[in-house]
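*Asks:* Given the sequences, and given the hints that come with them, work out the whole structure.
Protein chains: 4
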Amino acid sequence: MKDINFKTVFNDIFIELQPLENKGVAASYIPELAKIDPDKLGIHLVHVDKGNFYQGDSQERFSIQSISKVFSLTLAMRIIGSELWSRVGVEPSGTAFNSLIQLEVENGIPRNPFINAGAIVICDVLMSYLDNPKVDLLNFVRKIANNQNLQYNEKVAESEKLTSDRNKALIYLMRDFGNIHNDVDEVLDLYFYLCSIEMNCCELAHSFMFLVTGGVDLTSGEMIVNPSQAKRINAVMQLCGFYDEAGEFAFKVGLPGKSGVGGGIVALHPGKYAVAVWSPRLNKKGNSYMGMKVLELLTTKMEDSIF
Amino acid sequence: MKDINFKTVFNDIFIELQPLENKGVAASYIPELAKIDPDKLGIHLVHVDKGNFYQGDSQERFSIQSISKVFSLTLAMRIIGSELWSRVGVEPSGTAFNSLIQLEVENGIPRNPFINAGAIVICDVLMSYLDNPKVDLLNFVRKIANNQNLQYNEKVAESEKLTSDRNKALIYLMRDFGNIHNDVDEVLDLYFYLCSIEMNCCELAHSFMFLVTGGVDLTSGEMIVNPSQAKRINAVMQLCGFYDEAGEFAFKVGLPGKSGVGGGIVALHPGKYAVAVWSPRLNKKGNSYMGMKVLELLTTKMEDSIF
Amino acid sequence: MKDINFKTVFNDIFIELQPLENKGVAASYIPELAKIDPDKLGIHLVHVDKGNFYQGDSQERFSIQSISKVFSLTLAMRIIGSELWSRVGVEPSGTAFNSLIQLEVENGIPRNPFINAGAIVICDVLMSYLDNPKVDLLNFVRKIANNQNLQYNEKVAESEKLTSDRNKALIYLMRDFGNIHNDVDEVLDLYFYLCSIEMNCCELAHSFMFLVTGGVDLTSGEMIVNPSQAKRINAVMQLCGFYDEAGEFAFKVGLPGKSGVGGGIVALHPGKYAVAVWSPRLNKKGNSYMGMKVLELLTTKMEDSIF
Amino acid sequence: MKDINFKTVFNDIFIELQPLENKGVAASYIPELAKIDPDKLGIHLVHVDKGNFYQGDSQERFSIQSISKVFSLTLAMRIIGSELWSRVGVEPSGTAFNSLIQLEVENGIPRNPFINAGAIVICDVLMSYLDNPKVDLLNFVRKIANNQNLQYNEKVAESEKLTSDRNKALIYLMRDFGNIHNDVDEVLDLYFYLCSIEMNCCELAHSFMFLVTGGVDLTSGEMIVNPSQAKRINAVMQLCGFYDEAGEFAFKVGLPGKSGVGGGIVALHPGKYAVAVWSPRLNKKGNSYMGMKVLELLTTKMEDSIF
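Residue numbers (numbering that gives the first Met the number 0), protein chains in the order written: chain H, 0 to 306; chain W, 0 to 306; chain R, 0 to 306; chain C, 0 to 306.
Be a bit skeptical, because a hint or two may be false.
No distinction is drawn between identical chains; accordingly, a pair holds when it is met within one copy or between any pair of copies.
Unchecked claim - List time: in silico DSSO-like cross-link candidates among lysine-lysine, alpha-carbon distance up to 30 Å:
id: 1; residue 1: LYS6; residue 2: LYS154
id: 2; residue 1: LYS300; residue 2: LYS22
id: 3; residue 1: LYS160; residue 2: LYS300
id: 4; residue 1: LYS271; residue 2: LYS300
id: 5; residue 1: LYS49; residue 2: LYS271
id: 6; residue 1: LYS22; residue 2: LYS39
id: 7; residue 1: LYS49; residue 2: LYS284
FYI, nobody ran anything at the bench for these hints, they're computed from the structure.
*Replies:* Right, dumping it as structure tokens:
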């Protein structure tokens, strides 16, 4: 990595992207997402040594959606460790052959913890072990984010339930294969609340720092997961964090990361930094159009990726 | 990475694995592969600073098979650059839905350059640009390996042709979609010769050093590919280098790499080292059973992976 | 058709089958089905001119299960006519690629009214048009069977609900595509009651006579469906009445028909007769092992099929 | 069947269809098919008792294409009888999941003898048993058609070879599964010649009369196949004769039949008549748009189908 001032790099990126058309369409399947200004753009980077760098709408909270599947995975790994991998795989899902097709062929074992089916199984695991799943899960996220202020957006969670037919199909198919152990509606309730967490880029970047440090919370010094688990979470993000665009992201950005349909993307360089970007317009694969561009420019200009 | 003596690590790994049953079956679909002693085990690591470390049958040549698909990809990227990506993708293939099914659904564009279909398309590209494809390709491999001694094994290549029905189905399906431009038999001929290259672990590890150094040949100082291309080849290896076990390899080993049906695996840590292992027995996904174990122990003991 | 005494033919068939092992396993996914003696065997044929012929356990009622999907289809065609075909197709489903996979690929439109998804859509249609769906549907079946005595088996219907995860996955997937208009639980409730109807071979054969006569109820003279509709129902039975064994049944028996997982099969020769057989052991495709054999011998001995 | 004068029915049908737009596009993947006037329309019906009826372009020869797959199937059944069914199935293929996908999943056994893969396997069987496959096959067709005048169109056959990549993919995939026993190019050569046979509607209807009569050649009295085999060929046509529109054809026309990409359709009513129509424009499923309409009107007006 060149010795670069990130602030300058962010400036350059924003200038370079300004003339570019912000393509894609923001998610609008629930009213709360449809209301957001689709042209918001923010970035925040936390470096282990060099501190914080940010630009644009980095202080505005948004729905982190699927990004929080990294938190639920982390919590499930803390609770049952490697037992988890009998319930969900670690392989990329392939693609068009996603969702129910692959799930049926593979007997109700989702390919990885980040596709919907996999994240639902993770919620089922949490339901089995947590006393107050919704409360405990939120507290865990607050803990690793060092932020007692984080909240579910109940409106978002409740809205999701109204368009939940596909997820119901997924969960009933998995229960048919014996891979769901709790009440279907309660599991989905937890899932929708999980996806409704809101953060801004700054909060998001900080909440992923434990994966930069090999599992350690920099503030408290507590070990969130052990170094081997941290590496494995990063590996799963690298392989499966971007729906059917994981290859593209690895190819162009070269960092493990996770995207959400709210337009957020978080990526991280183990040992160095975590970075969160937010821009609501999504490309055809469901990832933030501008977010991908920003991160591609970032690792290109810094000549630094994990590869 | 701990400051560890690799030699000691290798010793430890070999001792640790000794009582373990070497599971799996060596490839035997062609007589040349069936003849090999299935319990061979060798490893060779080249570190940019610390030099060479090896153990076991590291000086015995074997058929590197699909590992050489990294060489053909590299050569194709040198020749036509990013144009290549209109002919072949960079996404993991998914799985069981591999081969012809996905290829038919996705209109003859293979998911990545390492599945058979993708490597065949790469050979078709090489056919279009090289004067003497077989000679030029071998010379390129010799060049990056700094070894004029490397050879195709003609017996292996000719044997492959006798069991080439599946590959013929693939190439004709792709030609039906317009994604093959040269004579089908000539393209397959090049493909089979490519897969017949033989190396030992030492030669193999050295031949991948240009991907450790950001594209530079350490011996000659020549730039084989530019740094961005080197990173991208590594990213594609990480996502697609192990058939339907790429996630497993990323999860357990945490390095980009490529395996071959001859029992070889090469992996590398950008900026640090390349390592080649060889053990002919294959697990159910077609990757070396012991090779995977050795590499998992290696990165575990060294507490070092790219994640 | 030879001028044959059906009674003699039945005798011959039973003698011929006696030494044969009754292969297959009776359905046991709900307790009510598991209780049935798996070696029951009955047959009853009603000929338009020659009257009734029967043998074996033809007077014992059993769960007709999917056979009643012909009744629900008939009722739906009476109510909304050809409009129905925008909601469900008339093509065979193919096979292994059944259920959710095909349904997802084809946007929630089931291939035909006899696969589970299709029968559920038919129930959804009935829900939209009937005042008291469960009562009205049963009354319709009683009417075409000329038998006020027929009943749902509530125990069976309620048991089915306990193993309904796969059907729930199907209905939620279809609702996700907009092809379910009523409350999911109410639609499935109607579906399970539909499948729980019990008849004996005699009652079953009589209830299909309106499809032998071009739509006319022989007792009342009423037109249940018009001749064109009767032909079409027969055509759909021919093409789709035996899961992934429709071709086998057409090939060996050569009559339109419908089977149920309770071991019943009904078949008919337009203009001539309807015949019902019952034997609980099912072959691997889910059709009555002995039932198929009996009908194959019947049309072979009589040298008479629609082909 | 009403006592109707077919000539009058044909007149009525042609008048009724005149104002209708002839939709669809004629096949043009080979020059010989592209040259044909797409608005040709002919029909010829041969009744066992009432003789011949025809209208329109019924005397003009056209490429019968896939219709001749019924002849090759018939010849293969004569030669090896029921052994044939270990090489090819009798089930409808499903659909979109056609071609290579299903073939790969089902281990190289084509679903039925009328999809390309199945017809190619039939040609492979004929190659194994006939002395002069091309000559013997043509002579067999001439024999059942009672017409020494019939010919392959070599131009068509040779043109097909130039666009044969998909069929090559199919045959190599099947050979990979062990389901092709002869030289690939020779098998495909026979297949393309088979599909190049030319007939007019009159010749075509006559050549199918042995399937109306239970296997007997009306002219010579010779038994082409036994009655059981004739019924089975009819059953396979009913279930599989119209690609992914077999259900639609059974539903609307209600007769066993077979279509070809040249715009021909032949259908037959066992015991009564065979009818051939020709109109080159194809609907989206690859069947003659007008041909389907003509036959639907025919069985509707005559109130007569096998159902």
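*Asks:* None of the hints should be skipped; say for each whether it holds.
*Replies:* Outcome of the hint check:
For a Cα distance limit of 30 Å, the shortest separation of LYS6 from LYS154 qualifies neither inside one copy, at 36 Å, nor across copies, at 59 Å. When the C-alpha separation of LYS300 and LYS22 is checked against a cutoff of 30 Å, the pair qualifies only within one copy, where the shortest distance is 22 Å, while the shortest distance between copies is 46 Å. For the homomeric pair LYS160 and LYS300, neither the shortest alpha-carbon distance inside one copy (42 Å) nor that between copies (46 Å) is at most 30 Å. Within a single copy, LYS271 and LYS300 get their C-alpha atoms as close as 16 Å, and across copies as close as 22 Å, so both meet the 30 Å cut-off.
With identical chains, the CA atoms of LYS49 and LYS271 are at most 30 Å apart both within one copy (9 Å) and between copies (24 Å). Proximity of LYS22 to LYS39 under the C-alpha cut-off of 30 Å is restricted to the intra-copy arrangement: shortest distance 13 Å within a copy versus 49 Å between copies. Taking the shortest alpha-carbon separations for LYS49 and LYS284, neither the intra-copy value of 34 Å nor the inter-copy value of 43 Å comes in at or below 30 Å.
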